[in-house]
Amino acid sequence: MLDVHHKGRAVVSSGTRERAELDVYRLHEHGLWATMEPST
Amino acid sequence: VSAPIRRRRDGRYAIKLDPSVRAVLATMSEQLAPTISPGEPMTRRLFPPAYAGDDMQGAEAEYRNLVDNALVSHHRQAFNVVADTAQADILTESELNAWMSAVGSLRLVLGTRLDVSEDMAAPDPEDPMAPEHALYELLGQLQYLMIEVLASQLPDEGRPEGAL
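In the order they appear, the protein sequences are chains L and F. So the number in the numbering used here is just where the residue sits in the first sequence, counting from 1, plus 8. So the number in the numbering used here is just where the residue sits in the second sequence, counting from 1, plus 9.
You can trust all of the hints, since none of them are fake.
Below, in silico cross-link-like pairs of lysine to aspartate or glutamate (EDC-like), each with a Cα-Cα straight-line distance of 20 angstroms or less:
#, chain 1, residue 1, chain 2, residue 2
1, F, Lys25, F, Glu102
2, F, Lys25, F, Glu157
3, L, Lys15, F, Glu127
4, L, Lys15, F, Asp128
Don't read these hints as lab results, they were simulated from the structure. Note that the structure is predicted; figures quoted are calculated from it, not measured.
The shape of chain L in the complex, shown without the other chains (with noise of 0.2 angstroms):
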């Protein structure tokens, strides 16, 4: 969780599309810079 304060992101969640959707639109709500990509 530190990871977001000491170098500038950090991965929260990891899952579905849906299920990230889902994550980071709750994010959102709140205004947070939230982003998903797939795993490779």
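Following the hints, complete the assembly by docking chain F onto the known chain L.
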């Protein structure tokens, strides 16, 4: 001096803020509520991208279609709650959550206008923009107070490690 925002035994929250702070929150919320839109430069920051990569534009467009209306409603609703309860001495938890969301949004919108960056020094007091920078600081302090009082209700595992 008691805390500006305090949880009461009945689960509601006692709010002690200067009338000038309440007035600013009400005015800003009233002004911003009708203007919120992803296409409006002033409120653009309230609609962060979900997919960052250049090759993800299709997914980003789908996400925007799915959520932008809901984001507009969420932010507008939070601003309306603040406009309606700005003078209240006691807030419900739901109202305080709306305050937290709205104050965070006001700070982002103001930060966009001031083009703030992370390690920016406070401007010279003579700077014509100094009052707005002071307001930006104030919104950050308010946000901190609300997060702190709401986070104290979370179970321990919900609290970020090393939180202040």
